[in-house]
Amino acid sequence: MISPRLASAALLGAGIAVGTITDVVPVRRPVLRGGYVVLEADMHVHSFLGDGALWPWDLAFEARRKGLDAIAITNHNQVLAARIGRWFSRQIEGPLVLVGEEITAPAYHLIAVGIEEAVGWRSTAAQAIEEVHAQGGAAIAAHPTRSYQGAYDAAALRALDGAEVAHPFAYSAGMQELRDFFSRLALARARPAPIGSSDYHVFSSLGLCRTYVFARQAGERGLVEALRQGQTVAYDLGGMPHGDPELIRLLGTPPAPPADAPSIAVLARLGWICSWLGALGLLLFRGAGDRYSISTPIATTKRETML
Amino acid sequence: MSICARLPWSDDARVALRPAAAYDELSRGPARTPFLVRPLLFALLLGLVLALATAGRPTLRLVLGGALAFSFIPALQVASIALSRAAFGRSGIPLLLAIDLHFLGHLPWTAWLLFVAAFASFTPPEREYRLWAVILWSVAVPILWSRVICWHFFRRVLGMGAPGALAALFVQIAIVWGSILAFFLLSGQLEPRILSGQ
Numbered sequence: 000m001i002s003p004r005l006a007s008a009a010l011l012g013a014g015i016a017v018g019t020i021t022d023v024v025p026v027r028r029p030v031l032r033g034g035y036v037v038l039e040a041d042m043h044v045h046s047f048l049g050d051g052a053l054w055p056w057d058l059a060f061e062a063r064r065k066g067l068d069a070i071a072i073t074n075h076n077q078v079l080a081a082r083i084g085r086w087f088s089r090q091i092e093g094p095l096v097l098v099g100e101e102i103t104a105p106a107y108h109l110i111a112v113g114i115e116e117a118v119g120w121r122s123t124a125a126q127a128i129e130e131v132h133a134q135g136g137a138a139i140a141a142h143p144t145r146s147y148q149g150a151y152d153a154a155a156l157r158a159l160d161g162a163e164v165a166h167p168f169a170y171s172a173g174m175q176e177l178r179d180f181f182s183r184l185a186l187a188r189a190r191p192a193p194i195g196s197s198d199y200h201v202f203s204s205l206g207l208c209r210t211y212v213f214a215r216q217a218g219e220r221g222l223v224e225a226l227r228q229g230q231t232v233a234y235d236l237g238g239m240p241h242g243d244p245e246l247i248r249l250l251g252t253p254p255a256p257p258a259d260a261p262s263i264a265v266l267a268r269l270g271w272i273c274s275w276l277g278a279l280g281l282l283l284f285r286g287a288g289d290r291y292s293i294s295t296p297i298a299t300t301k302r303e304t305m306l
Numbered sequence: 000m001s002i003c004a005r006l007p008w009s010d011d012a013r014v015a016l017r018p019a020a021a022y023d024e025l026s027r028g029p030a031r032t033p034f035l036v037r038p039l040l041f042a043l044l045l046g047l048v049l050a051l052a053t054a055g056r057p058t059l060r061l062v063l064g065g066a067l068a069f070s071f072i073p074a075l076q077v078a079s080i081a082l083s084r085a086a087f088g089r090s091g092i093p094l095l096l097a098i099d100l101h102f103l104g105h106l107p108w109t110a111w112l113l114f115v116a117a118f119a120s121f122t123p124p125e126r127e128y129r130l131w132a133v134i135l136w137s138v139a140v141p142i143l144w145s146r147v148i149c150w151h152f153f154r155r156v157l158g159m160g161a162p163g164a165l166a167a168l169f170v171q172i173a174i175v176w177g178s179i180l181a182f183f184l185l186s187g188q189l190e191p192r193i194l195s196g197q
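Listed in order, the protein sequences are those of chains A and B. The numbering of the first sequence is numbering that gives the first Met the number 0, which starts it at 0 and goes up by one. The numbering of the second sequence is numbering that gives the first Met the number 0, which starts it at 0 and goes up by one.
If you are wondering where the hints come from, they were derived from the structure by calculation, not from laboratory data. Glycine included, each C-beta is placed from N, C-alpha and C at the ideal position. Some hints here could point you the wrong way.
[Said to hold, decoys possible] Label-pair distances were calculated between CB atoms; the ranges are: (1) A:26 to B:140: 39 to 47 Å; (2) A:173 to B:118: 20 to 28 Å; (3) B:86 to A:171: 44 to 52 Å.
[To be verified] A few chain A residues that don't get close to chain B, going by computed Cβ distances all over 10 Å: (4) 4; (5) 49; (6) 104; (7) 188.
Excised from the complex, chain A in its bound form:
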């Protein structure tokens, strides 16, 4: 009879093999509307080497799987992972990976996109935005809920390029604070960019909230320029579109994120179940090489004190 451990190892191996076979990354074709290239982007993504779980190169693959044309890797107060991600994605002709940073200061969190060097967090919000612009980047207020709004004085609001109006935070805390801040921003400057971002760290929320960027050209510069000029549309979690009404009209119904073909989805689920059960079996059942004496069955011995 086959040992439970051997069966578990076989299940695990089969699960990983099936999972790897189903690792099909769909090909993206550019969407053209009214003379613009419409890029689906997630401008707030964290990576390993920071407090994100995935390597920068894995983010490039996962972004493509989620139907994203561009991501900005925005680790807290550093740009190393973003640079690695950009280099890798260029090698595989993957999605645009922009070098970014979540400038994390005690009073504000600011997304810098399209920069090269890390921007210091000890300056005021207005000074940080100025430095982002000096590097040719765009500055976006990250999850500007009430506790993060205080640092944005009149000068900072005038200089900001955009603000997150859609963020997973709103699923638990509501979206009114994000809407209110965007309204304040729209009063302070003309045509701010509404942004939808996932603030991805781990699990499956990459691209959950996304920004439709209307760029004149598809490259990094074109995308950053579009952000600076407010040529974006984002849907908040209430389904309300934000952005220039003409761009909203051009976009029409937002395209649904890509889904696996039914056969691939079934195989992927099968791989998941096999590998999960296999891993559990390997942990729980003894193999031939294990040392433990079987003279003391696990369920028949007296309960011992733990300490």
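Given chain A, work out where chain B should sit, using these hints.
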């Protein structure tokens, strides 16, 4: 005998349920697991959990990438065992056997991680905040359970007295969690959060 009692339970399961008796028996035998295999398997399991929880499929790319990324955790644990054994150990047990036996005590963490992977896979991304609530409430179980196992490991395997085992527990926490905190502190990711009280 019940079916449960007749099943060929692994050393990991026995250590998890009866740490003192299991470690007493295990530390008498020679190490059969090849060099550092258990720490490597633990890293691979971390990679598997990451792949299952993020992409919903165990691709080799994500499993190996996750294992590489989080291999610092078993590496720090190996360092902490080596240091504790040198500083407080009295049993003279070979280091490799000590490391092997220590990683046998990881079932509370590995089982919890598999539970999290399953929960994450069936939680839609827009409900992720619920997942975090479950994680924060349930993580107390592996933390406390693994401390109990470690206590018995230090006492039974490394032959420490109660003060030594307590010090070794502290050293282990300081090395593993202290290193992670130090990384975030030195890379400027933690200080602003401390200053803002978040």
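- Message: Range first: 44 to 52 Å. Now tell me if the beta carbons of residue 86 of chain B and residue 171 of chain A are that far apart.
- Response: Given a distance of about 45 Å, which is inside 44 to 52 Å, the answer is holds.
- Message: So residue 4 of chain A supposedly isn't at the interface. Is its beta-carbon more than 10 Å from every beta-carbon in chain B?
- Response: Non-interface label fails for residue 4 of chain A: nearest chain B Cβ at 7 Å, not farther than 10 Å.
- Task: Could you let me know if the closest chain B CB is still more than 10 Å away from the CB of residue 188 of chain A?
- Result: Check passes; 26 Å lies beyond 10 Å.
- Query: Is residue 49 of chain A truly not at the interface, in the sense that its beta carbon sits beyond 10 Å from all beta carbons of chain B?
  - Reply: Residue 49 of chain A not clear of chain B: closest Cβ-Cβ about 7 Å, inside 10 Å.
- Query: Just checking, residue 104 of chain A versus chain B, shortest CB gap more than 10 Å?
  - Reply: Residue 104 of chain A is in fact no farther than 10 Å from some Cβ atom of chain B, at 5 Å.
- Item | Satisfaction of the hinted span 20 to 28 Å by the C-beta atoms belonging to residue 173 of chain A and residue 118 of chain B | holds (24 Å)
- Message: Assuming the hint says 39 to 47 Å, is it satisfied by the Cβ distance from residue 26 of chain A to residue 140 of chain B or not?
- Response: Holds - the Cβ-Cβ distance for residue 26 of chain A and residue 140 of chain B, about 44 Å, lies within 39 to 47 Å.
Comparing the model with each earlier hint shows violations of hints 4, 5, 6; every other hint is respected.
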